Amino acid sequence: MLSVMLKMTRQQYETDPQVILENMFVAVMDNIFLLVLVTLLSVVQNVFFALKVEKECTGQHSKSHSPAFERLSCANRNCMDTYSTFLAVLWCAGICLSQAPAAFAGIIYLVVRQKYFVGYLGQTCQSTPGFLFGKRILFFLSLMCAVGIINHLMLSFGGSDYKEYIQIITKAASTLLLLP
Amino acid sequence: MLSVMLKMTRQQYETDPQVILENMFVAVMDNIFLLVLVTLLSVVQNVFFALKVEKECTGQHSKSHSPAFERLSCANRNCMDTYSTFLAVLWCAGICLSQAPAAFAGIIYLVVRQKYFVGYLGQTCQSTPGFLFGKRILFFLSLMCAVGIINHLMLSFGGSDYKEYIQIITKAASTLLLLP
Amino acid sequence: MLSVMLKMTRQQYETDPQVILENMFVAVMDNIFLLVLVTLLSVVQNVFFALKVEKECTGQHSKSHSPAFERLSCANRNCMDTYSTFLAVLWCAGICLSQAPAAFAGIIYLVVRQKYFVGYLGQTCQSTPGFLFGKRILFFLSLMCAVGIINHLMLSFGGSDYKEYIQIITKAASTLLLLP
Numbered sequence: 001m002l003s004v005m006l007k008m009t010r011q012q013y014e015t016d017p018q019v020i021l022e023n024m025f026v027a028v029m030d031n032i033f034l035l036v037l038v039t040l041l042s043v044v045q046n047v048f049f050a051l052k053v054e055k056e057c058t059g060q061h062s063k064s065h066s067p068a069f070e071r072l073s074c075a076n077r078n079c080m081d082t083y084s085t086f087l088a089v090l091w092c093a094g095i096c097l098s099q100a101p102a103a104f105a106g107i108i109y110l111v112v113r114q115k116y117f118v119g120y121l122g123q124t125c126q127s128t129p130g131f132l133f134g135k136r137i138l139f140f141l142s143l144m145c146a147v148g149i150i151n152h153l154m155l156s157f158g159g160s161d162y163k164e165y166i167q168i169i170t171k172a173a174s175t176l177l178l179l180p
Numbered sequence: 001m002l003s004v005m006l007k008m009t010r011q012q013y014e015t016d017p018q019v020i021l022e023n024m025f026v027a028v029m030d031n032i033f034l035l036v037l038v039t040l041l042s043v044v045q046n047v048f049f050a051l052k053v054e055k056e057c058t059g060q061h062s063k064s065h066s067p068a069f070e071r072l073s074c075a076n077r078n079c080m081d082t083y084s085t086f087l088a089v090l091w092c093a094g095i096c097l098s099q100a101p102a103a104f105a106g107i108i109y110l111v112v113r114q115k116y117f118v119g120y121l122g123q124t125c126q127s128t129p130g131f132l133f134g135k136r137i138l139f140f141l142s143l144m145c146a147v148g149i150i151n152h153l154m155l156s157f158g159g160s161d162y163k164e165y166i167q168i169i170t171k172a173a174s175t176l177l178l179l180p
Numbered sequence: 001m002l003s004v005m006l007k008m009t010r011q012q013y014e015t016d017p018q019v020i021l022e023n024m025f026v027a028v029m030d031n032i033f034l035l036v037l038v039t040l041l042s043v044v045q046n047v048f049f050a051l052k053v054e055k056e057c058t059g060q061h062s063k064s065h066s067p068a069f070e071r072l073s074c075a076n077r078n079c080m081d082t083y084s085t086f087l088a089v090l091w092c093a094g095i096c097l098s099q100a101p102a103a104f105a106g107i108i109y110l111v112v113r114q115k116y117f118v119g120y121l122g123q124t125c126q127s128t129p130g131f132l133f134g135k136r137i138l139f140f141l142s143l144m145c146a147v148g149i150i151n152h153l154m155l156s157f158g159g160s161d162y163k164e165y166i167q168i169i170t171k172a173a174s175t176l177l178l179l180p
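Chains as they are written, first to last, in the working numbering: chain P, 1 to 180; chain R, 1 to 180; chain Y, 1 to 180.
Source of the hints: derived by calculation from the structure; they are not laboratory data.
As the structure is a computational prediction, the values presented were derived from the model and not from experiment.
Careful, some of the hints might be misleading.
Same chains, same label: a pair holds when it works inside one copy or across any pair of copies.
To be verified - Here are the simulated DSS-like pairs of lysine-lysine, each with C-alpha atoms no more than 25 Å apart in a straight line:
(1) K135 / K55
(2) K52 / K163
(3) K52 / K171
(4) K115 / K163
(5) K55 / K163
(6) K55 / K171
(7) K115 / K52
(8) K115 / K55
(9) K171 / K135
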């Protein structure tokens with residue numbers, strides 16, 4: 001955002017559409033690059049999970065369906081099942097309201113997922129360590145989404161814009177996710 | 001769109017890049033907030049499904065793989081498998097062509113999915129109630145996508161813009177999805 | 001991009017915000033329509049896979065869990081598990097850096113996936129033909145993402161913009177994906 005501001009003051013009197021379009025793309029990137037970073041990290045984690053499962057699978061040629069493989073495969077599937085939900089909510093929250101708290105919550109989610117995958121030691125599929133992990137983070141991101149939409153509707157119909165206040169509150173609230 | 005128009009007339013002679021950028025973000029939100037709403041609803045539904053499966057799983061400690069659990073888990077997996085496809089097609093259709101019919105189709109899809117999940121009473125996995133539900137809605141959204149791209153290409157190379165007519169036709173066509 | 005340029009020169013001296021907003025939407029579409037096209041193709045492929053599984057499932061009423069069905073279902077599940085990852089990385093790479101190489105890599109990924117699904121003839125789930133296919137393409141897209149973010153940060157803090165050079169290099173590098 002800072003870089004756009006600087007550009008703005010520099011090009012205060014240039015109203016060439018070309019320049020405006022270029023600034024637009026920089027502004028868009030400014031508003032999503034943290035989300036892209038978190039998405040990239042989550043993709044790296046996904047690949048790590050998949051390689052882990054593959055290694056376990058090819059490690060023992062005799063019988064492929066050992067309990068360890070079953071558990072790894074199950075943990076991987078649970079992670080993948082909620083992955084699209086997580087991505088959708090992360091991006092919506094980041095675009096509608098503010099990207100920094102959304103990206104922060106996303107990183108915490110990745111840490112929780114890592115813990116979940118490593119610590120998946122239950123006897124049966126989806127038993128002890130919980131089937132749906134990171135509920136609190138998903139709830140926080142959904143709430144951000146909803147608040148963003150409500151704020152947009154208020155801005156459209158009422159004309160009052162509380163976005164700045166809401167963003168400050170959201171940033172403060174996102175630190176609460178660090179509580180165990 | 002209305003709010004942007006109003007702002008436009010108000011700021012007709014302000015060509016400050018800062019103002020233009022701010023208007024840009026409001027205009028972007030205007031064009032996606034219905035999609036965000038549908039995405040949010042689908043996330044709530046996903047969490048509902050996952051909690052349902054989890055409850056069934058932890059409800060009976062003796063033997064975890066009862067037929068009821070198997071069926072719930074299978075229905076949940078089928079829903080999750082098509083979820084990313086649905087999201088991708090919903091957003092592409094909404095961005096390329098028009099958000100209102102896309103969001104409407106999305107809501108109908110959610111209703112169909114709810115019915116599918118509740119009514120999943122077949123004997124074997126993916127048998128009676130259909131493996132791929134909501135084919136018609138996915139087809140409608142894909143068609144919207146394709147029409148949007150063709151219109152964009154015609155606008156780029158031919159210079160003729162039929163977007164307004166297409167949007168009216170799409171809105172009318174989306175009501176046909178209500179037919180059983 | 002060409003169409004925007006043309007429009008730009010035509011409307012060089014029109015600084016009406018309405019016109020700028022309209023140009024903005026055309027410019028956005030110009031930057032994503034190839035990605036939308038690849039997404040649409042991937043959705044068509046997904047539906048093809050799902051119909052294939054459904055046909056195999058309903059084809060034999062006597063016993064639903066034949067080895068052929070198991071294998072098809074497993075191949076479908078592996079494809080779906082990596083689908084959200086693929087979509088996320090494709091769109092991030094396309095938006096952050098350049099859409100043409102990203103879309104090209106996406107099409108190659110779809111071809112690889114088709115080959116994977118058709119050739120899935122291993123004895124056990126996730127055995128011979130690899131559990132995670134298209135690793136090279138996912139790596140290439142992730143790299144594009146990372147380079148795009150680094151370039152944006154350098155532009156924000158350093159002021160130097162190497163995007164043009166990077167895009168040329170990326171386009172050249174994307175042809176290397178054609179190597180078997």
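Each hint tested on the structure:
Taking the shortest Cα distances, K135 and K55 sit within 25 Å of each other only across copies (15 Å), while inside one copy they are farther apart (30 Å). Taking the closest pair of Cα atoms, K52 and K163 never come within 25 Å of each other, the shortest separation being 43 Å inside a single copy and 36 Å across copies. For the identical chains of this complex, K52 and K171 are neighbours neither inside a copy (35 Å) nor across copies (32 Å), given an alpha-carbon limit of 25 Å. Taking CA atoms no more than 25 Å apart as the test, K115 paired with K163 passes in neither setting, with 34 Å inside one copy and 38 Å between copies.
Taking the shortest Cα distances, K55 and K163 never come within 25 Å of each other, neither inside one copy (48 Å) nor across copies (38 Å). Taking the closest pair of Cα atoms, K55 and K171 never come within 25 Å of each other, the shortest separation being 40 Å inside a single copy and 33 Å across copies. When the C-alpha separation of K115 and K52 is checked against a cutoff of 25 Å, the pair qualifies both within a copy, at 15 Å, and between copies, at 23 Å. Proximity of K115 to K55 under the C-alpha cut-off of 25 Å is found in both arrangements, the shortest distances being 19 Å within a copy and 22 Å between copies.
For the identical chains of this complex, K171 and K135 are intra-copy neighbours only, at 19 Å inside a copy versus 36 Å across copies, given an alpha-carbon limit of 25 Å.
Of the hints listed earlier, those the structure fails to meet are numbers 2, 3, 4, 5 and 6, in rising order.
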